[in-house]
Amino acid sequence: MYVVIYEMNVLPVSKQKLDALCEDGFRLAVQILRHREDAMDAVHDSLQHWLDRPEAYDAARGAARTWFLTVIRNRCLDVLRRRRRQPRESSLLEELRVTENGPDEVSEVNELRTLVQHMLDGLEEPKKTIIILKDFQMLTYSEIAEVLSIPEGTVMSRLHRARLELRNKLVQHAPDTFIAWSG
Amino acid sequence: MNPLSESGNSASGRGVLVGSEWLSGYLDGELTQQQRQQVERLLDESPALRSELAELEKMQSTVKTLPHKEIGKERLNEMASSPTQQVTRKFGWVLYVVGLAVLVGWGVFRFLRDGVRPYDDEVHLVEKIATSGLYIGFVLLLLSVLRQRMNEARNDRYKDVQI
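Residue numbers (the working numbering), protein chains in the order written: chain Z, 2 to 184; chain P, 367 to 529.
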């Protein structure tokens, strides 16, 4: 069944590229939504949207990755708006664990990652997303401008403000860790 | 005190306006050569600036190494297999609409040609009315679905997503 799509040239990307796009989109959606199943749904809906309307993506205008991440982000914003209208019980929001090791093996690195992830989650959506797009997804400023639909000239200032806010949160909530970290 | 963010002037007091956001631009390799040289001069002069850059760099490297979840092959294949249903659904719709159009057209043609004969030995009036109702009902349902799809297509907020 998977092969049929490519034989019929439904989408202008290879199987490997499509897998990579979905994984990229999923990483972004998980960071925005902090819920694995919601992120899966966002990716699935975005893929469905593309397949329903393949003409929505124009290869002449730019990279498929940037376009797809834009769609994913918009879907995530829809989910966040729905959550505000119908708040979920906090227990249902999946605690996405940052630590890779077991609870008995929390290392300094994992502690730092946990702290950074927690502070990142506390940022407002536009600031969190711009940091994720740059430092996690490693997009260029030009690509970030496309995904967020903002002028390229404002990306640097917005990103810097977001980073400063993240740093200030780290200083405020874990000053000892921050001091040790920034050495 | 960060000379860039506080006064916009360089640490040496030369009065060069350099916004603090250029530190992020420098960190991300997004500055022009001239801007990069300007920032490097300021970094040479200011320990506070170097410290701030080091903090941003550390923060960035930590975000980069946050563990990321993967969808997994099975789920990827599942997502990709549903589009096949879309393709078969479209074929199904096309066949259904064409077949229905032929039947309805033929039925209307016969109805008009033969007129209403309530006591026709072949087809009773009740059967004619019921069959007509069935056809008309299908057409109405089809039109309502088509109208809904057209509305959705018109109001799709993503159709103008441009890159």
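Hints should not be assumed to be uniformly reliable.
[To be verified] Facing chain P, from chain Z, some residues (calculated, C-beta under 10 Å):
hint, residue
1, 18
2, 20
3, 28
4, 40
5, 117
6, 128
7, 132
8, 142
9, 151
10, 152
11, 158
12, 160
13, 173
14, 174
Hints were generated in silico from the structure; no laboratory data involved. Think of the CB as a built atom: it goes at the ideal place given N, C-alpha and C, for glycine as much as any other residue.
For each hint, the structure was consulted:
{"no.": "1", "hint": "18", "verdict": "12 Å, violated"}
{"no.": "2", "hint": "20", "verdict": "6 Å, holds"}
{"no.": "3", "hint": "28", "verdict": "5 Å, holds"}
{"no.": "4", "hint": "40", "verdict": "8 Å, holds"}
{"no.": "5", "hint": "117", "verdict": "5 Å, holds"}
{"no.": "6", "hint": "128", "verdict": "13 Å, violated"}
{"no.": "7", "hint": "132", "verdict": "6 Å, holds"}
{"no.": "8", "hint": "142", "verdict": "5 Å, holds"}
{"no.": "9", "hint": "151", "verdict": "13 Å, violated"}
{"no.": "10", "hint": "152", "verdict": "14 Å, violated"}
{"no.": "11", "hint": "158", "verdict": "4 Å, holds"}
{"no.": "12", "hint": "160", "verdict": "5 Å, holds"}
{"no.": "13", "hint": "173", "verdict": "14 Å, violated"}
{"no.": "14", "hint": "174", "verdict": "14 Å, violated"}
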